[in-house]
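Undergrad: Spelled out, the chains give:
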Amino acid sequence: MDRSKKIFYENVIPTVSDKTVKVNFKDNSDLIFEEQKNTKIKLARKINNFFFLIVSTFLIFIMISLYKTYFSQAAKKNFNKATALIDRGRILDRNGEIIATNIKTKDLYIDTRKVLDNYDLKRKLREIFPEKNNFFFDKIFNKKHYIRIKQHLTPNEINQLRKIGDPAIQFHNSVKRIYIHHNLFSHLTGFKSSNITSKVEKNLNDFLEKGNDLSLSVDLRVQSIVHEELSNSLKKYDANSAVTIIIDVNNGDILSLVSLPDFDPNHPTNIKAFTENNLATEARYEMGSTLKIFNAALAFENNLNLENKKFKINEGYQITSEKLIEDKHILQEELSFDEIFTQSSNVGSVQLIEEIGIRKQQIFLSKLGLNEKINLHGLSTVNNKLPDDWDHLASKFISYGYGISISPISLVSAYSTLVNGGVKIEPTIILNSDRVQKKILSESTSFKVNNLLKKVVNYGTGKKAKVNGLDVGGKTGTSRKLEEGKYSEKKVITSFIGTFPINKPKYIAFVLFDEPRRNTEEFLENFGGNTAAPTFSRIVRKVSPILNKNNYLKSY
Amino acid sequence: MIKFSSLIKSNNFDLFIFLPIVFLIIIGIFGIFSISMRIDEKYDLLIKKHIIFCLLGLVIIIVCSKLSIKNLIIFSIIFFVFSILLSISTIFFFPETKGASRWVKLFNFSFQPTEILKPTFIILSSLLLGRYNSKKDFSFILNISLFGLISLILLSQPDFGMFILFFSVWIIQILNSSLEKKIIFPIICLFLLSFILSYIFLDHVKFRIDNFLFSNIGDNYQINKSLESFSNGGLFGQGIGNGMVSKNLPDAHSDFIYALIGEEFGFITAFLILAFYIIIYVRIFIISQITNNLFILNSLTGLGNILIFQTIINISSSLNLLPTKGMTLPFISYGGSSIISSSLIIGFILTLINNAKKQ
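Respectively, the protein sequence lines represent chains B and Y. Note that my numbering numbers the first sequence so that position 137 is 137, with each residue one more than the last. Note that my numbering numbers the second sequence so that position 226 is 226, with each residue one more than the last.
Hint data in this document are derived by calculation from the structure and do not stem from the laboratory. In this text, a Cβ means the ideal position worked out from N, Cα and C, and glycines have one as well. Any given hint could be a false lead.
Between beta-carbon pairs, the in silico distance windows are [said to hold, decoys possible]:
#1 ILE26/Y <-> PHE50/B: 31 to 37 Å
#2 GLY234/Y <-> PHE171/B: 25 to 31 Å
#3 PHE136/B <-> ILE290/Y: 53 to 59 Å
#4 ILE187/Y <-> PHE136/B: 34 to 40 Å
#5 THR39/B <-> PHE185/Y: 17 to 23 Å
#6 VAL81/Y <-> THR39/B: 45 to 51 Å
To spell it out: a stretch of chain Y is covered by chain B in this simulated footprint if at least three of its residues, at any positions, have a beta carbon under 8 Å from a beta carbon of chain B; those stretches are [as the list claims (entries may be wrong)]:
#7 14-24
#8 163-177
#9 222-230
#10 263-276
#11 280-288
#12 314-321
Whole structure, please, built from the sequences with the hints as guidance.
TA: Have a look at this one:
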């Protein structure tokens, strides 16, 4: 106060202007020493400032997170999760059978501060949970805290724990999502654990969270038959993986979708990564001969009148300067139009596409939807891989199923259009969902394609797909897998896509095996007919009575 | 009453610090009152004990703020030695209550002597640092050995949270007092090394840090409930005694009182509490910037830091920003030792501020 009074303007201005002031550095007042002290305290202040800034930043951060904790919707959602799970909608099949539902369980918590006898409780807990390792409980009891030991106790465990009677043992209500049929629908439902979800549980989470039951278009009976047959065949042929799709060709309902290997969604922690891919929608294959039927449809649709033409195949076809394609499995020199498909001739297919022309093929395949991603509500799908440079060469490869990778679901969808009278459908796994249908092919094309498919099964490579008492049509497919830039002789993909009843197709079933073991020295082209086709036959034999009751209930 | 008001006016009291403290104490009393309303026998005496300790705390603040610097130092030395002896005795004579041996039990009261170490050690440390700065003698070695002794006591109890608190405040003091590089560098290295080593070798530290860094929320019941309490609180809170979530929150009276207040008193009060701590901290910072005395600067920043760090650790752990530590919220959490220690800190701060202003 005193100092500030002294500082007036007049005081500051030198009263005598011409007087020079001498500054002595070595004066009595120890100016330099004072100066040093000041630098020290100034430095301390600077460092102090620095830490003040750090602390302030943290305080602001705390304020923001305080606000977030209070008001962010995401956080609220997180907390309501546990209570919301009990109201989470069930997943049902098309007949109302439960696929996934919730049950009430209890979780075990331990408050280590209330333990009466540490040693005794530890020993008893070890007896009840032998699966926990020895250090687990030592670690738990080393600290004072209130901690969860195990989720979803079994009734037996609860009984045993109650018998201990220690005040440290606490139960909290909890809810568990269970999948009644274990592996059966794993690639459709996915799984839901406390914080991870997948597939339908993830993609339709908002719908299920509101408590709505979700009806899938799949049929429990069909799915279980397919799953059983496919698993047996997978073992029999010693394949890496297998896929089956059964679809209603008229409205796109997927009645069954099995992809092996699969997993048990009840135990998310045990799931191995490679089993998690739904190969029916998330994988794409070079399908091979099954695509040849598109050439026929092309010819029919464009009225090219190739039906009576003969194709010479005995000399093979020089597709590139190095590669000569031959049909060693066919003994005839000349094939008729139909025989190209029944015998599954590669040379014939290439010759056919030369007649038809590349532009028409491009338009046709795009029209069928092979260039677009299938939008399967609830599941993720992959794009088909079309050739980057669709020239004449690529076109020829595509004519017998190479150079184009498509997902099983995409193939099934395209085939549906071919056989159902030319209506483009959207495959779906949700029952009664809105769907768009568009007529893109003529009825007659579809009729002719069906005839051809019937011939393939009756007289051609697909003989083993025959089903007693039911007329089916279909096409085999075998393709070599690309391995280090070369098409492998050993590793193949075999498939069969068939439709039934063939007179008025209602369903398509597609069976695919990845790398079935090839024991015999049979021709590659016949291989698909010997693995996928019999599996198709076995599946359809059992499934068709369920799907099409009228066929069998009709009295003769 | 008249005397009390004159006491405040007499420039002994820095109102920027004293008024927020009073507010915090009142909030704390309401919070503990809410807990004591629960129909549970063990909380019966809680509110009475808490009020007694709060009054005791106010008395301590007033008495301490009257001390001169010289008396403050003498007072600190006496209490420091006393509590060091008590702390050592806890290790040998009072083993294992509540999972850790840090409590002295006398009659019905249990007391945590390491709490008293907090303010007294900071005063001693800044005194020694000030001496070393001018005389360059054994005082720095004495300082290090005192800190080593405290670390040994804390780690053997074990009270890792308190150790971190001491360590960080002490390090900042040392950096503040602008020593030679040959001293500062080894200490910074030691600081980093000890963190890395404790992460590698101390299993529970590794576990906690891993758990905090890599695992999602939901494993820890306390944290989960704590976060839920805030979320349930809304802007104005559920009202005293109406907290549905914090009812099931263990340790709601000490480590997680902020969550309880957050639910029952709402966002505004929770924010105000934080704001008042910040006002205290900023005020201490401002005063420490104007002082020319290194001892006052060092003690003030040390005391201010210990207060704000404790607050940050407590609030952050109830907001799941930091792993849970057994750290109380100054003046709000229940706990005699904690309130007395915090009062000592504030009392010392008021004395130091008085002296800083006088310069």
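Undergrad: Take the hints in turn and mark each one as holding or not.
TA: Here's how the hints hold up against the structure:
About 35 Å separates the C-beta atoms of ILE26/Y and PHE50/B, a value consistent with the hinted range of 31 to 37 Å. In this structure the supplied range 25 to 31 Å holds for GLY234/Y paired with PHE171/B, their Cβ-Cβ distance being about 29 Å. At roughly 56 Å, the beta-carbon separation of PHE136/B and ILE290/Y lies within the given 53 to 59 Å, and the hint holds. Roughly 39 Å separates the CB atoms of ILE187/Y and PHE136/B, a value that falls within the hinted 34 to 40 Å.
About 20 Å separates the C-beta atoms of THR39/B and PHE185/Y, a value consistent with the hinted range of 17 to 23 Å. Between VAL81/Y and THR39/B the beta carbons are some 35 Å apart, a value that contradicts the proposed interval 45 to 51 Å. Closer than 8 Å: that is the beta-carbon criterion, and the segment 14-24 of chain Y has 0 residues meeting it against chain B, so the requirement of 3 is violated. Given a C-beta distance limit of less than 8 Å, the hint that chain B covers the segment 163-177 of chain Y holds, as 4 residues qualify and 3 suffice.
For the segment 222-230 of chain Y, the stated coverage by chain B is satisfied: 5 residues place a CB nearer than 8 Å to a CB of that chain, which reaches the threshold of 3. Counting residues of the segment 263-276 of chain Y whose C-beta sits closer than 8 Å to any C-beta of chain B gives 4, which meets the bar of three, so the coverage hint holds. By the rule of at least three residues with a Cβ nearer than 8 Å to a Cβ of chain B, the coverage given for the segment 280-288 of chain Y holds, with 3 such residues. Counting residues of the segment 314-321 of chain Y whose CB falls under 8 Å from any CB of chain B gives 4; the rule of at least 3 is met.
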